[in-house]
Amino acid sequence: MTASDVGHDAEQPTGRMFADLSGSLVGEPDHRAPLIVLHGPAFDRTMWRPVLAELRELDPGRRVLAVDLPGRSRSPGWPGCDIEGMAEGVHRAAEAAELRSPVVVGHCIAAVVATCYAARFPVRGVVNVAQWLPIEPGAGLAHSLAALRAAKVPYLFIAGHEADCGYQDCLDRMLPQASVAIWPGSGGFPHLAHPRRFAGCLAATAWWGRRGAYRSFGTDLRLLGEDATEGNMVTALTRSATDRLRAAPGD
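To get my numbering, take the position in the sequence shown, counting from 1, and add 184.
Heads up, a few of these hints could be off.
Said to hold, decoys possible - Pairwise CB distance ranges, derived in the manner of DEER restraints:
id : residue 1 : residue 2 : range
1  : P260      : H345      : 28 to 38 Å
2  : P263      : P306      : 20 to 30 Å
3  : C354      : P306      : 34 to 44 Å
4  : R200      : D348      : 23 to 33 Å
5  : G350      : H215      : 38 to 48 Å
6  : D204      : P306      : 17 to 27 Å
7  : C349      : M201      : 24 to 34 Å
8  : Y351      : R304      : 23 to 33 Å
9  : D214      : A347      : 29 to 39 Å
10 : P321      : P244      : 36 to 46 Å
FYI, nobody ran anything at the bench for these hints, they're computed from the structure. Glycine included, each C-beta is placed from N, C-alpha and C at the ideal position.
Working from the sequences, and respecting the hints, build out all of it.
Take a look at the structure:
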């Protein structure tokens with residue numbers, strides 16, 4: 185799938201302002217980790233609609249904040265905006281939405297924003313969609329990865345093609361707790377090529393950050409690579425997450 189396959193929603197998104205960003209907030213506060221979803225460049229928050237429609241079925245009532253990054257849709261442009269500035273802006277939006285310790289999901293360069301956010305503010309994890317981290321990251325990203333590594337923040341990377349030789353070893357050194365899922369043939373948009381499977385992954389993050397809950401996520405990820413139907417894999421992932429939510433001790 186390519187950018188030309190995705191297109192833009194002809195309907196202008198409705199919503200309200202969260203600090204300096206336009207967005208939409210759904211779901212109810214509960215024990216599940218809230219989600220913040222960040223779109224990639226040249227898009228806006230409507231790109232998440234197929235995923236969020238599936239998530240409503242798989243994880244009903246999940247608290248989700250979708251924002252338009254600066255200069256997209258109704259969000260004003262910010263002069264001199266950089267990765268750190270966007271991370272701070274997203275955090276202000278999270279505070280306005282009264283979200284505590286979210287799982288931050290970012291597509292493409294927004295995954296770097298999510299990574300920076302997680303290094304600076306309380307989170308329960310990061311989902312990186314199709315953003316390959318540089319083998320020799322710049323100082324800012326290197327600092328963020330070091331902070332995530334030290335804090336053992338749960339980190340899931342979903343890619344649309346196999347990694348180059350040696351990349352996995354490099355990622356293991358930079359971020360040893362990272363789990364990697366490869367969905368061949370989905371290009372730069374694995375979440376849109378397989379929205380239900382992706383929604384299943386988001387549903388599984390509901391228990392991230394609860395004591396004893398994260399250590400088996402790698403086992404869950406193996407379901408994503410099995411020779412099975414997508415529906416079966418999603419069902420297994422979601423059931424596994426739900427069972428552990430019930431069994432895990434409270435925060």
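Hints violated by the structure (listed by number, smallest first)
Numbers 3, 4 and 7 - these are the hints that the structure violates, sorted from lowest upward.
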